[in-house]
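Colleague: One letter stands for each residue in the lines below.
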Amino acid sequence: MRLDIIKRSFILTGIFISFFFIVSSIAPAGTIDLFTSEKGDIKISGGTAHIPVMKDAAKQIMEHNRDIRISIAGGGSGVGIKQVGEGLVDIGNSGRKPTDDEIQKYGLKLFQWAIDGVGVIVNPQNPVKALSKTQLSEIFAGKTTVWKALGGPDKLINVYTRDNSSGTREVFWEKALDKGEITDKANVVVSNGAMKTAVANDPYGIGYVSVGHMDNSTAPVILDGAEPTIDNVKNGSYKIARGLFSNTKGEPKGLVKKFIDFLFSPEGQQIAAKNGFIPVK
Amino acid sequence: MKERFIEIFIKSFAWLSGLLLLSAAFVIIGFLLVKGVPTLSLSLIFGDTSPADALLLRRQVLTGLFPAMAGTCLLVLLSVGLATPVGLAAGIYLAEYSRGNLKSFFSLFYDILAGVPSIVIGLFGFSLAISLHHYVKEIYPCLLISALALAFLVLPYLIRTTQFAMESIPSETRLTAPALGATKLQNIAYVLFPRSLPGIASGVILAIGRCAEDTAVIMLTGVVAAAGIPGSLLSAYEALPFYIYYISSQYRDAYELQTGYGAAVILLIICACLFLAAFYLKNQLMDRMLYRQ
Amino acid sequence: MTENKSNEIKIKTVNLSFYYNRLHVLKDISVEFPERSISAIVGPSGQGKSTFLMIFNRLWETIPDARMEGEAFIRLKNKWVNIYDRSISLPELRRSAGMVFQTPNPLPMSIFKNISFPLKLSGVIEKQAVDEKVEFALKQAFLWEEVKDRLSDDARSLSGGQQQRLCIARALTLDPEILLLDEPTSFLDAGSGQIIEDLLLSLKESCTILLISHYMDQIRRIADRVMELSGDTSNNS
Amino acid sequence: MKRECFAETGFLGAAVLSASLTALILIFMLFLGFPLFRGGCFFTLLTTPWNPDKGLFGIYPMLAGTLSIVFLSLCWAFPLSLGASALISVIAPTGFAKFCKKTVQMLTGIPTVIYGFVGVFLLVPFIREMFASGSGMSILSASLMLSMVISPTMILIFTDTFESIPASYSAAADALGASPVQKLLYVILPYSRQGIFAGLILSVGRAMGDTLIALMLAGNAVAVPGSILDSARTLTAHIALVIAADFDSIEFKTIFAAGLVLYVFTTSLILLVRIIGGMGMKNR
Chain B
1 MRLDIIKRSF ILTGIFISFF FIVSSIAPAG TIDLFTSEKG DIKISGGTAH IPVMKDAAKQ
61 IMEHNRDIRI SIAGGGSGVG IKQVGEGLVD IGNSGRKPTD DEIQKYGLKL FQWAIDGVGV
121 IVNPQNPVKA LSKTQLSEIF AGKTTVWKAL GGPDKLINVY TRDNSSGTRE VFWEKALDKG
181 EITDKANVVV SNGAMKTAVA NDPYGIGYVS VGHMDNSTAP VILDGAEPTI DNVKNGSYKI
241 ARGLFSNTKG EPKGLVKKFI DFLFSPEGQQ IAAKNGFIPV K
Chain F
1001 MKERFIEIFI KSFAWLSGLL LLSAAFVIIG FLLVKGVPTL SLSLIFGDTS PADALLLRRQ
1061 VLTGLFPAMA GTCLLVLLSV GLATPVGLAA GIYLAEYSRG NLKSFFSLFY DILAGVPSIV
1121 IGLFGFSLAI SLHHYVKEIY PCLLISALAL AFLVLPYLIR TTQFAMESIP SETRLTAPAL
1181 GATKLQNIAY VLFPRSLPGI ASGVILAIGR CAEDTAVIML TGVVAAAGIP GSLLSAYEAL
1241 PFYIYYISSQ YRDAYELQTG YGAAVILLII CACLFLAAFY LKNQLMDRML YRQ
Chain E
2001 MTENKSNEIK IKTVNLSFYY NRLHVLKDIS VEFPERSISA IVGPSGQGKS TFLMIFNRLW
2061 ETIPDARMEG EAFIRLKNKW VNIYDRSISL PELRRSAGMV FQTPNPLPMS IFKNISFPLK
2121 LSGVIEKQAV DEKVEFALKQ AFLWEEVKDR LSDDARSLSG GQQQRLCIAR ALTLDPEILL
2181 LDEPTSFLDA GSGQIIEDLL LSLKESCTIL LISHYMDQIR RIADRVMELS GDTSNNS
Chain R
3001 MKRECFAETG FLGAAVLSAS LTALILIFML FLGFPLFRGG CFFTLLTTPW NPDKGLFGIY
3061 PMLAGTLSIV FLSLCWAFPL SLGASALISV IAPTGFAKFC KKTVQMLTGI PTVIYGFVGV
3121 FLLVPFIREM FASGSGMSIL SASLMLSMVI SPTMILIFTD TFESIPASYS AAADALGASP
3181 VQKLLYVILP YSRQGIFAGL ILSVGRAMGD TLIALMLAGN AVAVPGSILD SARTLTAHIA
3241 LVIAADFDSI EFKTIFAAGL VLYVFTTSLI LLVRIIGGMG MKNR
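Protein chains in written order, with this note's numbering: chain B, 1 to 281; chain F, 1001 to 1293; chain E, 2001 to 2237; chain R, 3001 to 3284.
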């Protein structure tokens, strides 16, 4: 009786799994020439600013060739670099340039396929729409604690920040705060998407996000006279800019190389542009 | 007079706390249903793929909940499949073979394992995967690792339910087969185990529920935001509870938020069904069904 | 009382004592039972009558904290064996010494499966042999006529008396040499009890029967010998 | 006989395998967190703040966050559960009591992530508007939701204890003309003291082990919280947030310290429950 049940559950699991293998091995014709008759998995993780582009690219590829599976995880730039370095994923994205140490240690190959900015956002209801760098530093250091001091409502400022693995945080910290302090009372969110959501839901919140992720659910803050828009990043008047990197361990091969090539292809670059980034080509 | 005051105070406190709890529960579930039920539709699950194509895996579902539901399903099957044989065997050992100090030693260990926070089990699974990765390049945090970690999580529950179900068999039944010349193993296989099946089955179903709802373990061991239906045991995968968590903090637009509510309602329905099934099994004398010739 | 023609000793105990934890229930009992007879065991409750029966199929060993001293012998296949010897196979001993309990305890399966259960345990699987055995045992237990058309029914759908006869039939499938009966009629009505008594009388030709009973009239009707277990002595009359 | 032996070995094997997992998890934590133990660094970690920019990797704020959220959630959940169990076992009419108990049993089956999800969209905005201070992601929100998560189990443990009181005690109280409330006060509660305590401790363990509620609702700030409206981070949420992929960085090692602290805490709680249980046996 007992054995029967165990056996049955094993067989069931087995059938279920082999079902997937069998079904997934019948090859169809793809329409993106690059990926025709390819099959296999690509694992991507890291930078969360990249996720919309990665998702759209993956969707296009997988729609045309369902033998290719692309899994996308977040985690932040630091995680992406480490995971690709340790060989846990095929592509590790980062919203900052990997350090020389990292490149050397892991033998990373860097591919910068777009340029992005990092901008400060507040809730659209908030009347404070422009700040100076000094004001910004004081807010993030926890020295300015009420909006009233900046011409806003008499409410406490809720600062949102990212965890240390974030490339967006790194760039923001370096270029906007000049490596100044970020208060430890700040709420910590896990991705660019989560930052946007948090500030969109909090009338008194302030945070920073990839320019590509900005939309009308949050309001951009003009920093020292420059508005964080993609045009201003392009023409250089908004200074807090960075590259979006996809990194591989060593020279990419096979399917992974094709994926990287796809990012640089007209289709791929168009996806980047559509998601609010500046294509490199 | 004082007695009477105390009496009234305690009575109203009890009613207050009972009603507070009930109304909080109804607000939570009601809120979810009001927001979530209108979103339920085939396109929520299958996106723009036709359901038949999706179910037969002819086309991948790229915008619906189907990959997350399939991921959760596979995960549950695998982890319960892994944990059940071991859990039942260990439970049988505890109930029928071990005595005295050995028994309390084992049960202490299982109690501790049951108390270990799920995130710690997830961390264990994650470090296991990374350590193994140094030797076997194919192993990453993946479906298999998640299933293993979840199996660790539910193992103590399975062991304990099996043990209690076997131990609660009355001694007349326990002696019947030995009096007819059954060996210990025969007694277990033909009488004791079948008799405790309803109890064990409800334990297994509750374990399924735990695997289906857990988020902390899988967060560290291989679940990702987008993966499609896993191609093998060593692929990353999606799961419903993680999807709900992910959407709650980083939905991109109103539509994605809607899918989050939809996913929450679906998960709630799945868990409620599992729970009712376990409840039904516990209360029904299932042996009638099982023993008919 | 009627004595049987051949009256060889079948079962004997030597200086038998029994303890539950520190409770001394059986004290230094040495007793003999002749074969092909019904021996009744009587005495006030709590004096270890049931325990005494379980000595002979060693079923007490499943009870925690129980302990036995002394020896017990049974003449199995005409050879005296010390049933507490290490070489004894427990399942085999229990197959030669069938036991029936106070409450009928059919297993939750069909009538047929109940009767054939001991055969399954001892590895008899040949369909025809099983069928024959089941029929024979049911006939022996006066139950065949009542159940032959509903062998696949749940055994628990039978009446109390039928269930008890089923249990006796189940014990008989393995041709036991000894039958241990623990108040088999106490939960039955007079009519059902009567049938069981007749059944026991007919079985005594093939088995040695030890019977615990509270009913003096029942003992008078069917028992060949009576053994009394009381406070601190056992009287064998 | 061979089969018997084989089977017993198999069952024993399964039992040993399962038990060894308990030890294996501890060994893993110790082994991977081992470099921290050298030079007493481990204990420094428990008392220093977290600020990787300045090279500080202490988990003291998370420890404080965990303790404050657990404590506060018990402050809500314990009286609530005690009251609700009294209602179910003693005070409410049978029909309503049954309904309550069924509902509570159903509540234990609701996934934690669903509580978290509803918390994000219902409780957090409510708290933010209500107190007009902070983002609403706070110890208060997390502890309120967490108390909803742990209450059902606590109630079930309490009602089981209440209902396990010997019928003779209950009958004696009834015969003396005690009202239900008097019976509760003078017979049931004193008799159930140990059961209540055990239920409380088990709930501490559950509250401490929960990841999602705190991760989703507490805001995850790395400061030591100063008020219940402050954002805070628990040890469990810390593990979920800092997870990375290398064994080298100090951040990564410190999450094993966090894991170890959680393991040790929950294990001591289990041991405590056992000791209480053992005492209960002797007293009865």
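Warning: the hint list may mix true and false statements.
Which bits of chain B does chain R cover? Going by a derived footprint, with three or more residues having C-beta under 8 Å, they are [stated by the list, open to error]: (1) 156–164; (2) 187–199.
Non-contacting residues of chain B with respect to chain R, defined by C-beta distances greater than 10 Å in every case (computed) [stated by the list, open to error]: (3) Thr99; (4) Leu150; (5) Gly151; (6) Ile182; (7) Thr183; (8) Gly225; (9) Asn235; (10) Glu251; (11) Val280.
Below, simulated DSSO-like cross-link-like pairs (lysine-lysine); rule was C-alpha separation at most 27 Å, straight line [said to hold, decoys possible]: (12) R:Lys3002 x E:Lys2077; (13) B:Lys175 x B:Lys59; (14) R:Lys3054 x B:Lys105; (15) B:Lys249 x B:Lys59; (16) B:Lys258 x F:Lys1184; (17) R:Lys3253 x F:Lys1011; (18) R:Lys3183 x B:Lys239; (19) B:Lys281 x B:Lys249; (20) B:Lys109 x B:Lys234; (21) B:Lys105 x F:Lys1282; (22) B:Lys109 x B:Lys257; (23) E:Lys2133 x F:Lys1184; (24) F:Lys1184 x E:Lys2077; (25) F:Lys1011 x R:Lys3002; (26) B:Lys175 x R:Lys3054; (27) B:Lys239 x B:Lys133; (28) B:Lys249 x R:Lys3253; (29) B:Lys133 x B:Lys143; (30) E:Lys2120 x E:Lys2139; (31) B:Lys105 x B:Lys257; (32) E:Lys2148 x E:Lys2120; (33) R:Lys3253 x F:Lys1035.
It is worth saying that the hints were derived from the structure and are not from the lab.
No experiment lies behind these values; they were computed from the predicted model shown.
We put the beta carbon where it would ideally sit given N, CA and C, even for glycine.
Colleague: If a hint holds in the structure, say so; if it does not, say that too.
Modeller: These are the hints, each one checked on the structure:
1. 156–164: holds (count 5)
2. 187–199: Coverage by chain R holds here, the residue count being 5 at a Cβ distance below 8 Å.
3. Thr99: holds (13 Å)
4. Leu150: At roughly 17 Å from the nearest Cβ of chain R, Leu150 of chain B sits farther out than 10 Å, so the non-interface label holds.
5. Gly151: holds (19 Å)
6. Ile182: Answer for Ile182 of chain B: violated, closest chain R Cβ roughly 8 Å.
7. Thr183: violated (7 Å)
8. Gly225: Answer for Gly225 of chain B: holds, closest chain R Cβ roughly 28 Å.
9. Asn235: Fine: 32 Å to the nearest Cβ keeps Asn235 of chain B off the interface.
10. Glu251: holds (21 Å)
11. Val280: holds (27 Å)
12. R:Lys3002 x E:Lys2077: The given pair, whose Cα atoms are some 26 Å apart, holds under the 27 Å limit.
13. B:Lys175 x B:Lys59: violated (34 Å)
14. R:Lys3054 x B:Lys105: Status holds; Cα separation ~23 Å.
15. B:Lys249 x B:Lys59: Holds, at roughly 24 Å.
16. B:Lys258 x F:Lys1184: violated (63 Å)
17. R:Lys3253 x F:Lys1011: This hinted pair is violated, its Cα atoms lying about 52 Å apart.
18. R:Lys3183 x B:Lys239: violated (75 Å)
19. B:Lys281 x B:Lys249: holds (24 Å)
20. B:Lys109 x B:Lys234: holds (25 Å)
21. B:Lys105 x F:Lys1282: violated (58 Å)
22. B:Lys109 x B:Lys257: holds (11 Å)
23. E:Lys2133 x F:Lys1184: holds (24 Å)
24. F:Lys1184 x E:Lys2077: holds (25 Å)
25. F:Lys1011 x R:Lys3002: violated (63 Å)
26. B:Lys175 x R:Lys3054: Given pair Lys175 of chain B, Lys3054 of chain R holds - Cα atoms ~18 Å apart, limit 27 Å.
27. B:Lys239 x B:Lys133: Given that 27 Å is the threshold and the Cα spacing comes to 12 Å, the pair holds.
28. B:Lys249 x R:Lys3253: holds (24 Å)
29. B:Lys133 x B:Lys143: holds (14 Å)
30. E:Lys2120 x E:Lys2139: holds (20 Å)
31. B:Lys105 x B:Lys257: At roughly 21 Å apart (the allowed maximum being 27 Å), Lys257 of chain B and Lys105 of chain B satisfy the hint.
32. E:Lys2148 x E:Lys2120: Roughly 20 Å between the alpha carbons, so the hint for Lys2148 of chain E and Lys2120 of chain E holds.
33. R:Lys3253 x F:Lys1035: With Cα atoms ~42 Å apart, Lys3253 of chain R and Lys1035 of chain F exceed 27 Å; violated.
The structure shown violates the earlier hints numbered 6, 7, 13, 16, 17, 18, 21, 25 and 33.
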